[in-house]
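Chains Z and H are the protein sequences, given in the same order. According to this note's numbering, the first sequence holds residues 1 to 219 in order. According to this note's numbering, the second sequence holds residues 220 to 1010 in order.
Mixed in with the good hints, there may be bad ones.
Claimed, not checked - Under the rule of at most 25 Å between Cα atoms (straight-line distance), these lysine-lysine pairs were calculated in the PhoX-like manner:
no. : chain 1 : residue 1 : chain 2 : residue 2
1   : H       : LYS628    : H       : LYS646
2   : H       : LYS981    : Z       : LYS190
3   : Z       : LYS140    : H       : LYS981
4   : H       : LYS981    : Z       : LYS218
5   : H       : LYS646    : H       : LYS693
6   : H       : LYS599    : H       : LYS693
7   : H       : LYS599    : H       : LYS540
8   : Z       : LYS136    : H       : LYS981
9   : H       : LYS981    : Z       : LYS214
10  : H       : LYS776    : H       : LYS701
11  : H       : LYS936    : H       : LYS751
12  : Z       : LYS93     : Z       : LYS51
13  : H       : LYS1007   : Z       : LYS136
14  : H       : LYS471    : H       : LYS432
15  : H       : LYS1007   : Z       : LYS124
16  : Z       : LYS164    : H       : LYS981
Said to hold, decoys possible - Far from chain H, by Cβ distances over 10 Å, these chain Z residues were calculated:
no. : residue
17  : SER34
18  : ARG155
19  : PRO160
The hints are simulated quantities; they were obtained by calculation from the structure and are not laboratory data. Backbone N, C-alpha and C fix where the C-beta goes; we use that ideal spot for every residue, glycine too.
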Amino acid sequence: MFSSKKVAKKDAPAPAASGSGKFDPKAADSLYESLMDPDDPDLLSMEGISKLCESLELDPSSDVRVLVLLWKLGAVSKPGNITRTEFTTGLQKLQASSVDKLKSLLPSLDPGFLDRTQFRDFYKFVFQFSREGTNKTIEKEIIISLLPIVLDNNRAPHLPHFLKFLESTTHQRITLDQWDSFLHFNHQIKEDMSNLEDDGAWPLLLDEYAEWRKSAAKA
Amino acid sequence: MGDPNIITLDEGWNKQIKVVALDPLETMLEEGFKTKTRLFSNQEYAKVYTICYNMCTQKSPYNWSEQLYIRHGETIAEYLRNKVLPSLKNKHGEQLLGEFVRRGENHNIMNKWHQKFFMYLDRYHVKYHQLPSLEDAGLRYFKTIVFDAVKADVTAAIVDLINIERNGGVVDKALIKSSVEIYELMGMNSLDAYVSDFETQLLAATHTYYAQKVEAWITQDSTPTYMLRVEKALDEERARVAAYLNPETESKLLQALDAELLARRQTELLEKDGSGCRVLLMNDMIDDLSRMYRLFSRITDGLVPVAEIFKVHITDLGGEKITQRLARVETAAKEGDKGGEKESNDDPQFIKDLLAVHDKYLTMVNVQFGSNTLFQKALKDAFNDLVNRDVGKFKTADLVASFCDRLLKTGSTEKLSDNEVEEYLEKTVQLFSYLTDQDLFAEIYRNQLSRRLLNQRSASDDMERLMISKLKSKCGAQFTAKMEGMLNDLAIGQEHAVSFEKFVKENQQLTGLGKLEFSVQVLTTGHWPTYKSYDTINLPPAMLKCTQVYKEYYDVKTSKRRLAWSYGQGNCNVKGTFGKGKVFELQVTTLQAIVMLAFNKDPLCPGGLAGAPISFVALQESVSIPEDVLKRVLHSLACGKFKVLKRIPQATGGAADSGKVSAFDGEAEGGENKKEKAPQSKGVLVTDTYAFNDQFTCPMRKIRIPMSLLEESHNPKRVEEDRSIAIEAAIVRIMKARLTLSHQQLVAEVLSQLSFFRPDPKVIKRRIEALIDREYLERDQENQNTYKYMA
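Okay, chain Z solo, but in the shape it has when bound (with noise of 0.2 Å):
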């Protein structure tokens, strides 16, 4: 019974009931069903996956959402797969079971509802999700077209110019330490670099992005 209606809030956790009906264990499993590979009954790969958004009418190579619903759904196992008891153990936690009801559940979906802590946490979701097999890296030019995706130039001011640096450094695959830390850097560093310091902690990989900054602001 969904007594209470809930005013949606911004930073809210979603609603949970505004479609159809309860949650239903059978209906989620056919739904998995539908999806998955035969052959390979208890993974959903990428192909798997991208049934699902076509079926949600969501762009997997540049929808945010696509990501963040793994990511509630708890697709932790495998980068770029979720297993069967993910996905179904998911559904029941978003209390969706249909494609539906999923479909009402995609405003929620936006990362700007997430808090700073939550955030973080799917940040740091999506650099694992993303590597290939058992990779600890990813490759340079996969940073640079995931990192718009996944952040704003609200949350990282130092976005674009960063995505310009990528391009020219010689490093040539991001480590989940160096991910992680341009966050941080977003909130720590000012994006005009003002109150940078000279002996921080930062990964090599930021201290030449500053470097380079330095560089281009006197040129």
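Could you slot chain H onto chain Z? The hints should help.
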């Protein structure tokens, strides 16, 4: 009716005491008493004493103690007021002093007699009523009535005399001394009067006097001259104090001089054109430097600027030596382009220059500058700077190691006695201690040591051990462990050599080693640099047999050890018979020997084509050494000074075989060819053919045929790797102990733990990131600046 024996006050005082004692006393004092040794005879004294006594012991109301006490004081006071003070008031200068001293002495006498006369009062009346003693009372009267009134004038008079003496005049020292003594007395068991009424004024006057003198001195004197004046002035003032002032004044007086003569003018003195501190250093004016040190150590932080100038001087001198080296390097580079000697890591001149500078100024620190820590630090800072500067392609650590190699190897062009070598080694270790990349030095030193040892080029085992022990005491046992290991291996090697010989003798039939003399040096892996083994090589049967026999011996002697032969090292003596039976003894490396044997007529030797020429390719195949190595070997045998082989390059466009064999030194023109000549190569080509050079000859019978080195002097990559490992180990160690640390703290700790090199903080950061990736550490979620150890 009164007791006729009772003395009345009037009677006793006016008729007796005054008349007999006090008035005469005053008169004597006024008019002088040179004739008398004693002012009052015992009788006279006894009489007065008795009157006083009686007057004080009479029963009340006739006990005149109080009155006598009062009158005692009054008498003195009146005398002082009426007679003494006026006599002083109209005098000045030396006259005043004279009178002052006289009156002071008089007062002592007066005080003394008064005290004697009225002594009974001291015993009871004074004590009972807690009054000042007679002596004290008398003294106080003098102070308040006379002294306080004239002290300003007297002080001025004394100071004037002192200044006259300072200017070279002669003054009456005794007079001043006596005057000063009165001031001391006026303090009533303290120096208060002396200090506030005399010393303070003297010190002020001293400041003024010297401040004024300095004005002239500072412009007209050179620094050394000025300093001599200062020393003289200090000595004079010391003497002054000893002659007529209170010893307490000495330190204050000298401080006044220090302030005016040294502290206030220090900068001017040190930086004086043509005679300042820098000039003294440049001209080795050691006496003046000593003096400078002595004088400026008197003032607070006085030595700091001197030490700074010292440091800059040393740094500049050292910098000159570096510039000279760089000039030599540039010349060498130009010559290298022309084909001459290139820049090398052998520059003994440079090292000797640095050692000389260091030695000279170390001596100065200890002799002229009293081993003062400021100067020790200045020298240290200067050399820390110099020794780590860029000096060309090779680092100073490399140059220092090569210098040691020179000192320790045989055949050195320097003819040094044992003592001289030891001295040089000792000083070199001092220089070494300034290096930041000591681990690089160690790596190069080890490689050079090993080369010396394996090629029997070490001049003295004792010297090697001596040097190692010096390094050990500087850096600890871990630093020198491998070096010691190498020497020990050799020592053990001796033992093995003896017992192997025995083994061979006893097993002659098995071994059949017979005529070939064979010795083995076993190297413990880990002690020695890693050498390529070339174990694919095809050994001549005789050599192969040797190795097999040795292995048998070794397996018997030791257990569970594997021998890996290293054919890249080692030497051979090869007897070569040339021409009509001329025999030469050729000292070569093992590799050279193996290649040479390939040309033997002996059909038992591999590739032994009975003396026929062998092509490079065939040779390589039969001997089985890597191409670049074979090239070097052949070069040494066919293109160097002693050509025991003939090089037959493939003639361009034509027959390149045995037909065209001729004695050849690689530079002949192929004149017959009408086609374009390919440039004659000085080096070995894979298209060459080689043959035994029957025409070879040489005046000497025993020749060493050198070969270019196969190894680099050291492997920079290896040093880098070792450093990365050391840094990571330090980080993990520290984080494990501390669990949480800020970035800055961690970097600081790491730097302090690494003693043999000094990494850039960037490098440390890279290692930290690497450890984060490998999940040894993580960043604190709240505080991005802090790391946590992950257990």
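The hints, checked one at a time:
no.	hint	result
1	H:LYS628 to H:LYS646	18 Å, holds
2	H:LYS981 to Z:LYS190	23 Å, holds
3	Z:LYS140 to H:LYS981	22 Å, holds
4	H:LYS981 to Z:LYS218	23 Å, holds
5	H:LYS646 to H:LYS693	13 Å, holds
6	H:LYS599 to H:LYS693	15 Å, holds
7	H:LYS599 to H:LYS540	17 Å, holds
8	Z:LYS136 to H:LYS981	23 Å, holds
9	H:LYS981 to Z:LYS214	18 Å, holds
10	H:LYS776 to H:LYS701	24 Å, holds
11	H:LYS936 to H:LYS751	17 Å, holds
12	Z:LYS93 to Z:LYS51	21 Å, holds
13	H:LYS1007 to Z:LYS136	20 Å, holds
14	H:LYS471 to H:LYS432	19 Å, holds
15	H:LYS1007 to Z:LYS124	19 Å, holds
16	Z:LYS164 to H:LYS981	23 Å, holds
17	SER34	39 Å, holds
18	ARG155	16 Å, holds
19	PRO160	22 Å, holds
Hint violations for this structure: none, all hints satisfied.
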